[in-house]
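Chemist: One-letter residues, chain by chain:
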Amino acid sequence: MKIDFILNDKPVSLVTEPMRRLLDVLREDFGLTGTKESCGEGECGACTVLLDDKPVTSCIVNLIHVQNKKVLTSEGISQKPLGKLLIDCFDETNAVQCGFCFPGFLVSSYYYLKSEGEPNLEKIRTALSGNICRCTGYQKIFDSVMMACKRKQEQEK
Amino acid sequence: MNFYKPKNLIELFEISEKIKGKKYFLAGGTDINVQIKNKIITNEPIIYINELEELKGIRETEEDLILGALLSYKELLDSDLIEKHLPFLKNSLCNFASPILQTMATIGGNIANGSPTADIIPLLLVLDANIILMAKSKIRYLLLNDFFIGYKKFNMKKNEIIGGVQIAKNAEKGYKTYYRKVGSRKALTIAKVALAGLKKNNEFKIAVGSLNEYPRRLHKIEDYLNVTTSPDSVKIEELLQQEITPISDMRSDKDYRFQVCLNLLLNFIEA
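Chains as they are written, first to last, in the working numbering: chain A, 137 to 293; chain B, 2 to 272.
Pulled out of the complex, with its shape left as it was, chain B reads as follows (with noise of 0.2 Å):
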């Protein structure tokens, strides 16, 4: 397995574009070393990130947080800037994974993963977040809704790595805030259904995981509910039937999925 170790952005996106097939960027490893551990990761060459620090870190401008990709759970759970001006984010991913991978899981990473099931996603969603696409001489920002395309596929571009996201701090301010993790247990656990929500007045944004390829907005609901004043259950579930496709699989079966998942957002609108 080829590697290589670049010292800042300009080495790596060099190293990048000489290597012309499959690639893997390592962060903090949590997922890839599982994946190396499995098979599924052989031969390819790998290309070490975790020190570069220009994706480092959360960096403040007057309007928006910048989360560098590169950003560990920890560091994220631990930040004044966050507690500060995302709350419900820093609430919601306290029990991500396990205090231990915490320290090595990135954001970015989870993001980089395309788990239908990561943590994050449905969160950045509902904060309407922004991804930062970085190439060697362009950086673009994407609304991270439309950075998912199909099952671990990204509308992102060859040349391109995933830089950071980007927040605006007042994403969250005045919205009453729902998100539910369904799983086994409280830690190391992986959601069998994941809700995240906002509304104020008639306004809702709301966001699922684990319920399709890539964890996306329900948009078809919140038009829904953007113009009705009593919202029908039945319309509701209705809906939800064309928004997820959800899968039976080692950790739970569809009907439940389903199921939950309706329970979970009457639950928020009702709240």
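So here's chain A without its partners, still in its complex pose (with noise of 0.2 Å):
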């Protein structure tokens, strides 16, 4: 089957089986590795990618799902001025240990910070609720969206 979505603001097309797992088709098809496979049930969100601005996890998206739709990975979101802002704040907190997790903890910290953006740690907290640390590093991972939210908003003033 035929199917066509935008990856990472890029149109892309490709025929292939419609039941394959996106997971499947952005690390073989398209070698974008950064989304990572864990769980495998979507119980982990190592694997979260934006599917029409949302976060999905894409061990358990079939291809078909994503057809005519936009889909934005890690890479695409590190190329976006939150994105970078993002990155610059884990960095800085030193909040990525192993690093296993951090693809999919980008994407969802970027989609709050986009949809909501606002400092506080109960919301933060919620919004990464789907993402599985196993390093436990939560507290330096919250420490740097809080930092993220706090400097989004200074330059929105």
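By construction, these hints were calculated from the structure, which means they are not laboratory data. Certain hints may be false.
[To be verified] From the derived model, a few chain A residues whose C-beta atoms are all more than 10 Å from chain B:
#1 Glu153
#2 Arg157
#3 Gly167
#4 Glu177
#5 Glu179
#6 Gln215
#7 Lys220
#8 Leu221
#9 Asp224
[Unchecked claim] Straight line, CA to CA, 25 Å or less: simulated SDA-like cross-link-like pairs of lysine to any residue:
#10 Lys138(A) x Met2(B)
#11 Lys40(B) x Phe155(B)
#12 Lys23(B) x Lys159(B)
#13 Lys21(B) x Glu153(A)
Quick reminder that beta carbons are idealized off the backbone N, C-alpha and C, glycines included.
Now that you have both chains on their own, put them together as the hints suggest.
Modeler: As structure tokens, then:
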């Protein structure tokens, strides 16, 4: 089946099985290996990407789900101003340990920063509650996102 | 695995009729893909329905809200109509799965998966929701409480699909509401016990999840509470023994589940 979608702001098209997992297509067909597989059941958030601007776990999204839609991965986000701001904050806070969960956290954080952005710990914790970090570095991750929210607010003043 | 993508409901029923054996309807895919991964689904035909306009969104009539089967949890939680008429439903579901899963997970899928722990069911049961079952030339409305007949077994004909649910706009109006989901953590948790309740004077509506082969109303306890003025906890425990059949599994054990359910129930009655 022919599948067309917008991947990281560029239109792409491929002929393949519609039931393939978006995760596999991103990694194998497009070489976008920032998107990680961990649980494979939507419970850890390592494979999170944005589908039409909303977060989804790409391990349980089929390619047919993205037909004519927009997909933004951690690679795409890292090129955007808010993505760069977040990466700086994660860097300064030393929030990334082994790094495996980080692309997923980046996507969820980016979604929060863009859609809400209030420097509110409770809201940040809820927004990131679908992402699991087995190094358990949550506090620094929350600190990073809090820092990014505050910087974004300052920039907008 | 054969794959079908009907453009509308008419095509859907045509395709569905032609497939004689087992088949799966793919909506948001949050359950089906886990079943594919675990080889529970291997080669059965898949019918993709997630883009069918007829099954999307929320429709408002004079007295009811019609929630389409493809309504995602995110859409439900973001809906002004739900916020306005059914705030209890909304607030109870805000911890559903995780914010990421809420994007794709649909209410129709949550029902169709038939899990005894499906989060939305006890809530819909106390709201006296109807399930809308659609066939090629017929739509019928069935009280959700009459829809379940066994573990993953439904009161549903072969040619029918789940179209959505119908909830009266005033379903929770004037009631004191109660909802507790007990799990190991806040997000991404599957309930060990869930209890939803509505009460107004002596009128009680109570439903539980994760305690039987399918979620259900506790009618014996409701009947007792509706006639008594001073509820007796020993009597309630006795009735609860008749109403629920908790099991021990990887998430919890039956004694714990029974005790927690009783505690929640007494907590709700006294609240």
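Chemist: Run the structure past the numbered hints and jot down the numbers of the failing ones, going up.
Modeler: 1, 2, 4, 5
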